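Q: Spelled out, the chains give:
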Amino acid sequence: MTEPLDPSPAREPAGGPAAPAADPAPGDAVLVPLADIATEVGQASLTRRAFLGFGLSVAGGVAGAAVLGHLFPVFISAEDTVSPLIPDYNPKTKAWTFVVDTGRCIGCGLCVVACKEENHVPESSEFTRTWVERHVETTDGTLYVDSPDAGINGFPPESTAPGAAGKPVGSAFFEPRLCMQCADSPCTAVCPVSATYKTEDGIVLVDARRCIGCGFCVVSCPYGARYITPADEDTPASMPGVADKCTWCYHRINNGHKPACVEICPVGARRFGDANDPNDDIRTAALAAGAQPLHPEYGTAPRVLYLGPVLQEA
Amino acid sequence: MRTKIRRFWESVRPRTRRGRLVAGVVVLGGAAVLAVAIFAGAAMAWNPYLDFALHRDSNAKQWATLPMTFADSSACLKCHSTEADRLASNAHAEIGCQSCHGALLAHVEAGENASKSDVMIKVPTDEVCIRCHAAAEGRPAGFNTIVPANHYVGQCLQCHDPHTTIAQRPPVVTHPLANLPPCLTCHGPDGFKARNERHPTGLLTDQECLQCHAAGRGPDQLTVPGVSVPPVSPAPQASGQPSPSEVAK
Chain G
1 MTEPLDPSPA
11 REPAGGPAAP
21 AADPAPGDAV
31 LVPLADIATE
41 VGQASLTRRA
51 FLGFGLSVAG
61 GVAGAAVLGH
71 LFPVFISAED
81 TVSPLIPDYN
91 PKTKAWTFVV
101 DTGRCIGCGL
111 CVVACKEENH
121 VPESSEFTRT
131 WVERHVETTD
141 GTLYVDSPDA
151 GINGFPPEST
161 APGAAGKPVG
171 SAFFEPRLCM
181 QCADSPCTAV
191 CPVSATYKTE
201 DGIVLVDARR
211 CIGCGFCVVS
221 CPYGARYITP
231 ADEDTPASMP
241 GVADKCTWCY
251 HRINNGHKPA
261 CVEICPVGAR
271 RFGDANDPND
281 DIRTAALAAG
291 AQPLHPEYGT
301 APRVLYLGPV
311 LQEA
Chain D
1001 MRTKIRRFWE
1011 SVRPRTRRGR
1021 LVAGVVVLGG
1031 AAVLAVAIFA
1041 GAAMAWNPYL
1051 DFALHRDSNA
1061 KQWATLPMTF
1071 ADSSACLKCH
1081 STEADRLASN
1091 AHAEIGCQSC
1101 HGALLAHVEA
1111 GENASKSDVM
1121 IKVPTDEVCI
1131 RCHAAAEGRP
1141 AGFNTIVPAN
1151 HYVGQCLQCH
1161 DPHTTIAQRP
1171 PVVTHPLANL
1181 PPCLTCHGPD
1191 GFKARNERHP
1201 TGLLTDQECL
1211 QCHAAGRGPD
1221 QLTVPGVSVP
1231 PVSPAPQASG
1241 QPSPSEVAK
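Here the protein sequences line up with chains G and D, keeping their order.
Numbering of the first sequence is given in our numbering, commencing with residue 1 and proceeding in unit increments.
Numbering of the second sequence is given in our numbering, commencing with residue 1001 and proceeding in unit increments.
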């Protein structure tokens, strides 16, 4: 077998296959150079053993490269479970759940204090990531809501809402508020520069470098959870004039801690956990107890759940 | 093995000039393609500018790596087990240390070098107590509240130990004398039977003394002729709230 690559020996009626066709038939005009080269190469070096050896080397090289690439991954695969942001933190497995129990809240306002300190929220009470409201229903059936200085100094004995003074109180409770981290968030939808976005673990964040401070998100939030940082303050993102909001203390929950307001609440009115974690009692606290989101009729799929008395705003 | 390799090389080595040329081009070209692929891959995987790019991952990373100020509440108990034991059986047992003493992560991270100077609030002021325990609309039923106007406000910790919630009540005073002069005559700072340091400093009126040492303030039944005792019933601005004697249990 000296001519293994001869393409069509049957079409070579005259002359030896090893010899170049001196005067090819008109119909074989195309085949002649091919046969020529094939014969020459075959004559030069290509035996079956060589051909198989070359093929095996290439196949072996490809297989070796695949094994090496598997052992020492260079590229980040889409199937990688570990986030490259924080070691040992996989946002896809988290079902962060925030539960507020208005039946327990005593209105001390320590959560507001802790939030300001932990997140460098500007001092003024206009700028607050979390706040506490007092809902008072007087005996004549009127609802009053007040939140003096966002509740950072606690609450005076009587409601400061206009018209509430002196009226006999039927029922009253405190309602801590924060960003609901809506699953269907209007703030991310209206942002014209995509500065606000949702992470894989469902937390809505603001990229201060992209934010142009237009305030669309501030007015789009039905829960009033956003504000524009003032110009002359030490702001959370170290950048004034951009939108800011509660992040559920993203830097704490990423590292296995609870948000600062949950950590400091003296009566356990704020609870936080991962509903995917079987050892976390947030399941019993929230789902089994029948916690409900605030104002689900807004249609934003809010993710903070409330237990205890919850009245609609006056 | 060596002969096998030699035989293999003999079988595949290029034998003509053209074969050598082709083999050279294939080997060098393959090496070039590999080099480009590895370089491009490495350049894509290693991006020194990620933190400065307008990339969402870099922003989430910025948020996720901000410094903390509050420690886990369980961290305190590693060293302060004595206080934890005192706390364990009282109404303040569920309250984390940082609720009253402020953010303590720096103190926790100092480890064995931790000192009192790391503690933001060593002794909380009355403001912290009042935040929770002043009567106000909206406090849950059954929560212990006082009406500050009717209570001895100013030095809560002089009588109350927040770690045990034991309150030292004003002592029973059955005064031996009748027709008493003003209290400070004898119990002033320079009196022969001066009040102890648990009392507020400064000149007090008899009214202020009787805020604690009078009927309804405890088991004592002191009355002073000619001095009207301040009302024990809740102040007008806190109507509907439990009186101090009710909640002081």
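Some hints here could point you the wrong way.
Stated by the list, open to error - Once the Cα atoms are required to be at most 25 Å apart in a straight line, the calculated BS3-like pairs of lysine-lysine come out as:
| no. | chain 1 | residue 1 | chain 2 | residue 2 |
| --- | --- | --- | --- | --- |
| 1 | D | K1193 | G | K116 |
| 2 | G | K92 | G | K198 |
| 3 | D | K1061 | G | K92 |
| 4 | D | K1116 | G | K198 |
| 5 | D | K1061 | G | K116 |
| 6 | G | K258 | G | K94 |
Hints were generated in silico from the structure; no laboratory data involved.
Small disclaimer: the values here were computed from a predicted structure and weren't measured.
Q: Decide, hint by hint, whether the structure agrees.
A: Hint by hint, here is what the structure shows:
For the given pair, K1193 of chain D sits about 48 Å from K116 of chain G by alpha-carbon distance, which is inconsistent with the 25 Å threshold. With a C-alpha separation of about 12 Å, the suggested pair K92 of chain G and K198 of chain G falls inside the 25 Å cut-off, and the hint holds. Proposed proximity of K1061 of chain D and K92 of chain G is supported: the alpha carbons are some 15 Å apart, at most 25 Å. As the CA atoms of K1116 of chain D and K198 of chain G are separated by approximately 41 Å, the hinted pair breaks the 25 Å bound.
Between the alpha carbons of K1061 of chain D and K116 of chain G the distance comes to roughly 21 Å, so the proposed pair stays at or under 25 Å and holds. Restraint check for K258 of chain G and K94 of chain G: satisfied, since their Cα atoms lie roughly 14 Å apart, inside the 25 Å limit.
Hints 1, 4 from the list above are not met by this structure, while the remaining hints are.
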